[in-house]
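**Student:** Could you slot chain B with the ligand onto chain A? The hints should help.
Sequence order for the protein chains is A and B. Numbered continuously in our numbering, the first sequence closes out at residue 169. Numbered continuously in our numbering, the second sequence closes out at residue 587.
Where hints are given, some of them may not hold.
What the hints assert, rightly or not - Derived Cβ-Cβ restraints for the label pairs, each shown as a range:
no., chain 1, residue 1, chain 2, residue 2, range
1, A, S116, B, G280, 48 to 56 Å
2, A, D112, B, N432, 35 to 43 Å
3, B, T428, A, L131, 21 to 29 Å
4, B, A540, A, S116, 46 to 54 Å
5, B, T430, A, E108, 25 to 33 Å
6, A, P144, B, P226, 31 to 39 Å
7, A, K33, B, Q561, 23 to 31 Å
8, B, D400, A, N145, 30 to 38 Å
9, A, T46, B, K246, 25 to 33 Å
10, A, M137, B, D198, 37 to 45 Å
11, B, D400, A, K25, 36 to 44 Å
12, A, N145, B, L517, 50 to 58 Å
13, B, N432, A, S116, 43 to 51 Å
14, A, E108, B, A540, 33 to 41 Å
Said to hold, decoys possible - Computed list of chain B residues with no C-beta within reach of chain A, every gap over 12 Å:
no., residue
15, H185
16, D265
17, G267
18, R325
19, L338
20, D405
21, T458
22, R585
What the hints contain is simulated information worked out from the structure, not anything from laboratory work. All of these numbers come straight from a predicted model, not from anything done at the bench. From the three backbone atoms N, C-alpha and C, an ideal C-beta is built for every residue, glycine too.
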Amino acid sequence: MQTRFQGRVWTFGDDVSTDHIISGKYLGTTDPKVFADHAFEAIDPTWAKEVQSGDLIVAGANFGCGSSREQAPIALKTLGISAILANSFARIFFRNAINLGFPVIECEGLRDRVKSGETIELDMARGQVRLPSGDMMPCSALPPNVLEILEAGGLVPKLKKELGTRAAR
Amino acid sequence: MPGQTISEKILSRASHSTDVRPGQIVDVDVDLLYMHEMLAMALLPFNEIGTMKVWDPDKIVVTLDHWVPPPTPEIAKMHQTIRDFCRKQGIRRFHDVGDHGIVHQLIAERGYAQPGDLVIGSDSHTNMVGAVGAFAAGIGATDTAAVMATGRLWLRVPETIRVDIHGNLADRTGAKDVILKVIGTTGDDGARYAAVEFTGSTVKSFPMNERFVLCNMTTEMGAKVGLIEADGVTKDYLAHAGVPFRPIQSDGDAAFSKTYTFNVDGMGPQVACPSNPANLKPVEDVEGTKIDVAFLGSCTNARIEDLRIAAQLLKGEKVAPGVRFQITPASQIIYRQALKEGLIEVFLDAGATFTSSTCGPCFGGHLGTLAGDEVCISSTNRNYSGRMGSPQAQVYLASPWTVTASAMHGEITDPRKV
Ligand code: SF4
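Pulled out of the complex, with its shape left as it was, chain A reads as follows (with noise of 0.2 Å):
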């Protein structure tokens, strides 16, 4: 498993909702690039243009609130964000993303100390960021069974180990 990531930051505030990362309006699909095309598109309407692969996102309080949409943390993902950092994360929100296999990390007062588009680097194994400053700031460990599902690729893959299963055609 990765567990160092290097990029450019996207900084948002606090509470964004799950409606704020992909509209109810784009829900009629599977398709994952839909998501992934029109995600901050209330925030902001070229934000998945600018984006590249790679990128981090940090952001306040109660990340990802709001619906189920597990199309949210997919948008992300399929943009290519390697990590996402806030000060909290709201609870659906964070176990669909560890299912995908997507970090999200708990990092209070992160939010504060970066600006969008400077680099930061996140050491998941020591729960370390190194701030554009070059300065260390710690954040949250995560529980061992969450690390367990990020380290298995996620929750699907994790099972099928687990139930020695092949995917259905």
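**Tutor:** Chain B with the ligand only, in chain A's frame:
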């Protein structure tokens, strides 16, 4: 050892342990899994897991609610996929278009969830069902696929926050006003990862339809579940299901992580202003705000009791010129009841529209979305920007009383003055 809360009791039983405590991670057996169109999203990971069969078709309930009837060929196709899947898997409790309802309401009114049950739903407002004394939590698509395949799910045992409510509300004020007040106090993440249990004389005096409103909007506090102990009111509500009633309550010495106490004596109507459910104002502070749209619908407030309120105010009156007032019952059962009681005629005479049951407008999906310059007062549960249509639209959340009174006056109106 202190006693246990309702949530801890249910998680202990479902994880085959005697004494689970907050913070612990447990694997639980699911008593009931329910889904709406999210099933289509869950099919991809389900097929990838490859068990082929669901763990127990008799423990699954499926209905269609977000897009009913389907507004596009793609969504009609999605419904077909779900229909076929339920037939092939032997899921008998599939409630197709015509027999449908907003899933939380359908589960509640058909008595599918019982006190003490571990209920998992593929939707964030599954919390509503906790009003019968069940542990009812929402999950996303991959978790749903995992439960379909195995019947099991990992959960972190939540701390329980007690919300104790006392006092007699003012006239034309109800559970919606109370929960808006609670959220306005705790913030929209005040109960993140926690169970919220409502207690107190006001809660005890609420009938089930009002209790559902309280638990429904614990989602807007970030809670994992909302709970109310199962008592005589619960028993009467569930009697038609023909299942032996098992009361459940927290132990007298159970540990609550926090207790909020609200004295709502004389409290009047409340409104959540754009664009956060915690942006609370008493109705007096926003009276006179012009509106374009009023919506009475959603799993939060579109039960028969809510429709009766609207009819009581609208009888012989008119919706204000230039305002569209849309009423969308939460289920087909409620639709039929409204028809029987003559409520629909009152709505139509007043110039309101009455639609088939669906989530549609609540999540900005179809059948009544908002334009950028529109202001809406809504009986739903969320007003984040873009939720009900254009990101520029302004949404105020309020009770059925306030929504209807506002529809009649074309501006936000204190229902006690109507
Ligand atoms: S009515 Fe609204 S809140 Fe309720 S389940 Fe449907 S979309 Fe969700």
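**Student:** Does each hint fit the structure? Answer for all of them.
**Tutor:** Tested hints:
| no. | hint | result |
| --- | --- | --- |
| 1 | A:S116 / B:G280: 48 to 56 Å | holds (51 Å) |
| 2 | A:D112 / B:N432: 35 to 43 Å | holds (37 Å) |
| 3 | B:T428 / A:L131: 21 to 29 Å | violated (39 Å) |
| 4 | B:A540 / A:S116: 46 to 54 Å | violated (30 Å) |
| 5 | B:T430 / A:E108: 25 to 33 Å | holds (29 Å) |
| 6 | A:P144 / B:P226: 31 to 39 Å | holds (34 Å) |
| 7 | A:K33 / B:Q561: 23 to 31 Å | holds (26 Å) |
| 8 | B:D400 / A:N145: 30 to 38 Å | holds (36 Å) |
| 9 | A:T46 / B:K246: 25 to 33 Å | holds (31 Å) |
| 10 | A:M137 / B:D198: 37 to 45 Å | holds (41 Å) |
| 11 | B:D400 / A:K25: 36 to 44 Å | holds (42 Å) |
| 12 | A:N145 / B:L517: 50 to 58 Å | holds (55 Å) |
| 13 | B:N432 / A:S116: 43 to 51 Å | holds (45 Å) |
| 14 | A:E108 / B:A540: 33 to 41 Å | holds (39 Å) |
| 15 | H185 | holds (17 Å) |
| 16 | D265 | holds (18 Å) |
| 17 | G267 | holds (20 Å) |
| 18 | R325 | violated (8 Å) |
| 19 | L338 | holds (28 Å) |
| 20 | D405 | holds (31 Å) |
| 21 | T458 | holds (22 Å) |
| 22 | R585 | holds (32 Å) |
Against the hints set out earlier in the document, violations occur for numbers 3, 4, 18.
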